[in-house]
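Student: Chains as they are written, first to last, in full-length UniProt numbering: chain R, 1 to 337; chain L, 1 to 337; chain A, 1 to 337; chain D, 1 to 337.
It is possible that part of the hints are untrue.
DEER-style ranges, computed between Cβ atoms [claimed, not checked]:
hint: 1; chain 1: D; residue 1: Glu148; chain 2: L; residue 2: Lys320; range: 40 to 48 Å
hint: 2; chain 1: L; residue 1: Lys320; chain 2: A; residue 2: Glu10; range: 49 to 57 Å
hint: 3; chain 1: R; residue 1: Glu176; chain 2: A; residue 2: Val9; range: 54 to 62 Å
Chain R stretches covered by chain D per the calculated footprint, using a threshold of three residues with CB under 8 Å from any CB of chain D [said to hold, decoys possible]:
hint: 4; region: 23-33
hint: 5; region: 37-47
hint: 6; region: 51-58
hint: 7; region: 63-74
In silico SDA-like links for lysine to any residue, alpha-carbon gap of 25 Å or less [claimed, not checked]:
hint: 8; chain 1: R; residue 1: Lys170; chain 2: L; residue 2: Lys199
hint: 9; chain 1: A; residue 1: Lys202; chain 2: A; residue 2: Gln173
hint: 10; chain 1: R; residue 1: Lys259; chain 2: D; residue 2: Asn8
hint: 11; chain 1: L; residue 1: Lys260; chain 2: A; residue 2: Asp169
hint: 12; chain 1: L; residue 1: Lys259; chain 2: A; residue 2: Lys6
hint: 13; chain 1: A; residue 1: Lys6; chain 2: A; residue 2: Glu27
hint: 14; chain 1: A; residue 1: Lys244; chain 2: D; residue 2: Ile48
hint: 15; chain 1: R; residue 1: Lys6; chain 2: L; residue 2: Asn305
hint: 16; chain 1: D; residue 1: Lys20; chain 2: A; residue 2: Glu108
hint: 17; chain 1: D; residue 1: Lys94; chain 2: L; residue 2: Leu62
hint: 18; chain 1: D; residue 1: Lys315; chain 2: L; residue 2: Ile332
hint: 19; chain 1: L; residue 1: Lys261; chain 2: A; residue 2: Ile32
hint: 20; chain 1: L; residue 1: Lys259; chain 2: D; residue 2: Ser321
hint: 21; chain 1: L; residue 1: Lys199; chain 2: R; residue 2: Gln173
hint: 22; chain 1: D; residue 1: Lys170; chain 2: A; residue 2: Arg47
hint: 23; chain 1: D; residue 1: Lys244; chain 2: L; residue 2: Leu62
hint: 24; chain 1: R; residue 1: Lys71; chain 2: L; residue 2: Pro132
hint: 25; chain 1: D; residue 1: Lys71; chain 2: R; residue 2: Asp44
hint: 26; chain 1: R; residue 1: Lys244; chain 2: D; residue 2: Leu276
hint: 27; chain 1: R; residue 1: Lys315; chain 2: L; residue 2: Pro132
hint: 28; chain 1: A; residue 1: Lys20; chain 2: L; residue 2: Lys118
hint: 29; chain 1: L; residue 1: Lys260; chain 2: D; residue 2: Lys315
hint: 30; chain 1: D; residue 1: Lys61; chain 2: R; residue 2: Asp44
hint: 31; chain 1: D; residue 1: Lys12; chain 2: R; residue 2: Val42
hint: 32; chain 1: D; residue 1: Lys244; chain 2: A; residue 2: Glu60
hint: 33; chain 1: A; residue 1: Lys170; chain 2: D; residue 2: Glu172
hint: 34; chain 1: L; residue 1: Lys259; chain 2: R; residue 2: Thr134
hint: 35; chain 1: R; residue 1: Lys16; chain 2: R; residue 2: Ser46
hint: 36; chain 1: L; residue 1: Lys6; chain 2: A; residue 2: Gln173
hint: 37; chain 1: D; residue 1: Lys261; chain 2: R; residue 2: Asp44
hint: 38; chain 1: D; residue 1: Lys170; chain 2: D; residue 2: Ser106
hint: 39; chain 1: R; residue 1: Lys335; chain 2: R; residue 2: Asn93
hint: 40; chain 1: L; residue 1: Lys315; chain 2: R; residue 2: Lys71
Rather than coming from a laboratory, the hints here were simulated on the basis of the structure.
This one's a predicted model, so the numbers in the text were calculated from it and none came from an experiment.
Every residue gets a Cβ at the ideal spot worked out from N, C-alpha and C, and that includes glycine.
There are 4 protein chains.
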Amino acid sequence: MMIVMKSNVEEKEVEKIKRKMESLGCEIHESIGANYHLLGLVGDTSRIDPSQIQANRNVEKLIFIQEPYKKANRLFCPEGSVIEVRDKKIGGNKFSVIAGPCSVESEEQIISIAEDIKESGASFLRGGAFKPRTSPYSFQGLREEGLEFLKAAREKTGLPIVTELMSPDKIEQFVEDVDVIQIGARNMQNFDLLKEVGKTQKPVLLKRGMSATIEELLMAAEYIMSEGNEEVILCERGIRTFEKYTRNTLDLSAIPVIKKKSHLPVIVDPSHAGGLWWLVEPMAKAALAVGADGIMVEVHNDPANAKCDGQQSIKPERFKSLMDILKRMAEIENKEI
Amino acid sequence: MMIVMKSNVEEKEVEKIKRKMESLGCEIHESIGANYHLLGLVGDTSRIDPSQIQANRNVEKLIFIQEPYKKANRLFCPEGSVIEVRDKKIGGNKFSVIAGPCSVESEEQIISIAEDIKESGASFLRGGAFKPRTSPYSFQGLREEGLEFLKAAREKTGLPIVTELMSPDKIEQFVEDVDVIQIGARNMQNFDLLKEVGKTQKPVLLKRGMSATIEELLMAAEYIMSEGNEEVILCERGIRTFEKYTRNTLDLSAIPVIKKKSHLPVIVDPSHAGGLWWLVEPMAKAALAVGADGIMVEVHNDPANAKCDGQQSIKPERFKSLMDILKRMAEIENKEI
Amino acid sequence: MMIVMKSNVEEKEVEKIKRKMESLGCEIHESIGANYHLLGLVGDTSRIDPSQIQANRNVEKLIFIQEPYKKANRLFCPEGSVIEVRDKKIGGNKFSVIAGPCSVESEEQIISIAEDIKESGASFLRGGAFKPRTSPYSFQGLREEGLEFLKAAREKTGLPIVTELMSPDKIEQFVEDVDVIQIGARNMQNFDLLKEVGKTQKPVLLKRGMSATIEELLMAAEYIMSEGNEEVILCERGIRTFEKYTRNTLDLSAIPVIKKKSHLPVIVDPSHAGGLWWLVEPMAKAALAVGADGIMVEVHNDPANAKCDGQQSIKPERFKSLMDILKRMAEIENKEI
Amino acid sequence: MMIVMKSNVEEKEVEKIKRKMESLGCEIHESIGANYHLLGLVGDTSRIDPSQIQANRNVEKLIFIQEPYKKANRLFCPEGSVIEVRDKKIGGNKFSVIAGPCSVESEEQIISIAEDIKESGASFLRGGAFKPRTSPYSFQGLREEGLEFLKAAREKTGLPIVTELMSPDKIEQFVEDVDVIQIGARNMQNFDLLKEVGKTQKPVLLKRGMSATIEELLMAAEYIMSEGNEEVILCERGIRTFEKYTRNTLDLSAIPVIKKKSHLPVIVDPSHAGGLWWLVEPMAKAALAVGADGIMVEVHNDPANAKCDGQQSIKPERFKSLMDILKRMAEIENKEI
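Between the sequences and the hints, there should be enough to build the whole structure, so can you do that?
Tutor: Below is the structure:
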């Protein structure tokens, strides 16, 4: 951390700050130029709260050198983490495909889709039981019943299930029933929920908030990891920008950036990002091309009658042809699907 | 709602959609131009899920005419709502000032600040007991103890207290202890939390999410109201933009827009928006000038040693001079402070 | 176009608008629901200025059905345009690679890079002679001398040259000297410049402005085309968002969207988007995967001593290995490099 | 400037950079921590091109301490600049009101509006003669004829005239005819145009680009000032964000920020920002409250028949009542209108 003092600050004020920083265990490197006065802090700065320094009226600004996350940092596991879920892996040279409907609608529906996607090569089944909807008047999911149907589909196909947890009070049931707990974009900074899943040992799929920076995503992962659960999979699903033709703007450059900053696997959700079914295929291919560890895709047997987000779902046949091309591309990238 | 069909869609496909819409109780007005084919839906469209229509591959796009919120709509209460909290009011010709520290740090601190702000004319005391922090390693608030200190400050000064609820499991205690339950920006779409506060009769201060549109803010209010609690106060606190000199960009035009669309009172938080103490005064004045029903301001007796967000807090003396100028401005606006 | 009238508007005011629209040649389809009153305009609405209607205080809002661009519209050339530049083509089943340094620095430099990229398979040479720089104190390009060096490099390698025009007063020289005139992102809405290049018959490479919507990009193309020049190539180069790790956020979903809306070829600039050399390779591959017609990449023999933007340039060797992988990917896409 | 080296960089590579920086006249302060290695540059860093350093593969990142603008910097004129235009002033304790129609439509129109706004207390007349329009098919302004009408209105009322210059080839005429040359938001980084107006001695009203940071706005001013023209007035007119209810989001916090960073006067355009006439009054008042040096407001005698942007224009009567309230507010701020 580097403190930029205001010009013309009295020497005794500078001394006060220096003493305070030293009392917190830092060594100070002072540097005075024609137009500035810097205090570089050397040592463990993790005990220093930046806002306290910024609150000092003699401080012009504060410059951060080190990353604020520790366990999510690439340095923590330079070779990259691989998360194991039942007999499947996410990370490493694997390109994992998670597929399924936006929401679970019936036992037949979810089993039928699960069988279709499995045949095409998907590794995980997704499906919403508890649904975060913008409107209180929209379908809110089948809830507990939806979980049961997901379990039936897993039973039938062997595919591990991924589904969203919205509230801490369901956590025990999720630990019992599901294979990967999904934290939705809108809850990325629901810190109480993050802490709760951090106390479990279940893999967590953490979606980037619509307006979250990459650093904030990694800090949200850090919340989970700091509680003891290091099985975190990140997911880029589009950020909010001024462009409104697509629902959100898929930030694919975030993938190589996250790979550089963190050891955690990161996947892409091309369905929610654009909100348009005909964007799913090109963006899924691009996700593989930029180095993502997988994708999460919405597949529905009858999009026009889906209970939610049918406009962004592809049909099983289209999913199959997407998988075929992904497999060819994966070879070039030396990845396995 | 208006359905724009793709050009060259077969007549039988158009018929299918028409039949479906009619089965949901709508009358259809068809309009065919040289380059388009429109189906206007007349009647109660609230039972129609837009994503189902958008999922139809023959539909080009869907155009919304009516607002998706009902109870939050201005039409629901054209004269504007006034929320009563103990002997205070928010809304109408009142300009309400909520002030206090970012977080409660000790009983002496909160009582001392409460006394100062009361003397300067504030109507409500704010202070965080449970704190949402970006980093798991930052101070997370005094929690239950903080609530006790807030109550002591209320006891001493008579100021109603406003504090943030982060998790449904504390809701009973909040109903018991606090006067206005705050839902933070990061939880604006934590729908389970919204439903829970919707089941109480406590006034709720709902902060706009950093990347929430005005419509989404009103839909979040609708979540609370649809459960039965109509005592909602909205709060603009800055949105996330590309400009990084300020922490967020305070969207003051949102105030007149919200006033036009909704009957709910709306206040402004100039402290969190900019994240800089010297922006608080001008932005607070601007909030009054654009017609907000109040402000929420961070005041701290010793910002440089505040446990959080000291850089955006003003001192009690500065708060006093701000209140003096706000009172003069309020006269021009025919508002009472 | 669809006019949404305010509720409770007097009949005579509605009549006034209807008469006015009819006088402009439109037929009116009126539709009255419980909560709204719509006037659908059927016929040629291109002579109607939307802002005039919006200015009417009885109008709630205006809804656009048709696209505002004509010559840039996909309907104008459903099979997609192919632009010919000397013996090269952009569009169709061709994936065109434009490469070269950010700015031309010397004759030796540009010739050496041109030879390198040609050997690796690039089809066009880029290089800035006139440079738009954020600071007036930065290197502004070699200007006329830079053009001469580019011509020398074309002479040597046969590669057509692409370079940026910043001001209308150089247009004759550009028409004479260069093969593709580039309009930079900052000038995307410099309408006088657009009109000028529209009067020539030179292919124009039009970069999307940092905060331009896809529709605005197409309207900028329309400016050029409406003057008679239909040889326009679009270029996505990143949009401005809240995420600051990358310089801009490359909006790759824009590619399939543009392909759907317009017949013009569209390429991607992965160098300027991220502003980081190690992002060039993954984003270039992703550009191919989403269906772009090519890329524009900065290649420099000595980035650490480049006169501008060295941090986003890759070296010739790295460019070669990128081309190798692009060629393998292009096969899957049935494209030629 | 502060260079953050990558960890594990070889000593000889660090030495190379140090030698290079010293050769450019800087002294080096080296600081090595457990996890980082910093090189602080002391001295005149203006000759160093940041992108060259960033291009060095051993450099992690570069941190800027000093502002990149010089003549626009507050330090250049700590007491704040006051720009004189004929007998009027902008800056200091003056709140200047510039008013008039979006575009000049006829001699009668512009004279009539000029007389109205003068009577209400405006100091300057605005009106577009050359219009930047998103669509090539929209009205492009009366051009030279419009300038003549503006001059006639000035003749009649004595109000100095402000109008937009779009292309360098009209600059002589503008210097001859107008009092303040406006550079539109879309041309804020049309560097050739900035240089041209920089060579004149006419006051320039420079509008912030829709996606320009405050720093980029000041760098655009620096372009003009570096050519010798220091008479620059800045104008905040809304930035592009995800919120689409308003055309742009007026960034009022930019005003106090600009006041802190620069000595140049800064005004606000509440008409273009929101694009809605009923937002003009509250946002104009807010502009005064945050400390702007004035406003630029669109006033039209017949908005519903205006040739452009009628939806954001207010009528002369409404302008009068706005002026009345602004005058009362100005007293509190110790400003003159």
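Student: Please go over all the hints and tell whether each is borne out by the structure.
Tutor: Outcome of the hint check:
1. D/Glu148 / L/Lys320: 40 to 48 Å: violated (56 Å)
2. L/Lys320 / A/Glu10: 49 to 57 Å: holds (52 Å)
3. R/Glu176 / A/Val9: 54 to 62 Å: holds (59 Å)
4. 23-33: holds (count 4)
5. 37-47: That given contact holds, which follows from 5 residues of the region 37-47 of chain R lying within Cβ reach (below 8 Å) of chain D.
6. 51-58: violated (count 0)
7. 63-74: holds (count 3)
8. R/Lys170 / L/Lys199: holds (19 Å)
9. A/Lys202 / A/Gln173: Roughly 12 Å between the alpha carbons, so the hint for A/Lys202 and A/Gln173 holds.
10. R/Lys259 / D/Asn8: OK: R/Lys259 and D/Asn8 at ~19 Å, within 25 Å.
11. L/Lys260 / A/Asp169: Not satisfied, since the Cα-Cα distance of roughly 49 Å exceeds 25 Å.
12. L/Lys259 / A/Lys6: holds (17 Å)
13. A/Lys6 / A/Glu27: holds (20 Å)
14. A/Lys244 / D/Ile48: holds (23 Å)
15. R/Lys6 / L/Asn305: Roughly 19 Å separates the two Cα atoms, so the pair holds.
16. D/Lys20 / A/Glu108: Judged against 25 Å, a Cα distance of about 24 Å means the pair holds.
17. D/Lys94 / L/Leu62: At roughly 50 Å apart (the allowed maximum being 25 Å), L/Leu62 and D/Lys94 break the hint.
18. D/Lys315 / L/Ile332: holds (22 Å)
19. L/Lys261 / A/Ile32: holds (21 Å)
20. L/Lys259 / D/Ser321: holds (21 Å)
21. L/Lys199 / R/Gln173: At roughly 24 Å apart (the allowed maximum being 25 Å), R/Gln173 and L/Lys199 satisfy the hint.
22. D/Lys170 / A/Arg47: violated (29 Å)
23. D/Lys244 / L/Leu62: holds (17 Å)
24. R/Lys71 / L/Pro132: Cα-Cα ~20 Å, so holds.
25. D/Lys71 / R/Asp44: violated (40 Å)
26. R/Lys244 / D/Leu276: holds (20 Å)
27. R/Lys315 / L/Pro132: Roughly 41 Å between the alpha carbons, so the hint for R/Lys315 and L/Pro132 is violated.
28. A/Lys20 / L/Lys118: It is violated: about 59 Å lies between the C-alpha atoms, which goes past 25 Å.
29. L/Lys260 / D/Lys315: holds (20 Å)
30. D/Lys61 / R/Asp44: At roughly 20 Å apart (the allowed maximum being 25 Å), R/Asp44 and D/Lys61 satisfy the hint.
31. D/Lys12 / R/Val42: holds (23 Å)
32. D/Lys244 / A/Glu60: Judged against 25 Å, a Cα distance of about 15 Å means the pair holds.
33. A/Lys170 / D/Glu172: holds (18 Å)
34. L/Lys259 / R/Thr134: holds (21 Å)
35. R/Lys16 / R/Ser46: holds (20 Å)
36. L/Lys6 / A/Gln173: violated (46 Å)
37. D/Lys261 / R/Asp44: Given pair D/Lys261, R/Asp44 is violated - Cα atoms ~33 Å apart, limit 25 Å.
38. D/Lys170 / D/Ser106: holds (21 Å)
39. R/Lys335 / R/Asn93: holds (5 Å)
40. L/Lys315 / R/Lys71: Answer violated: L/Lys315 to R/Lys71 is near 37 Å, above 25 Å.
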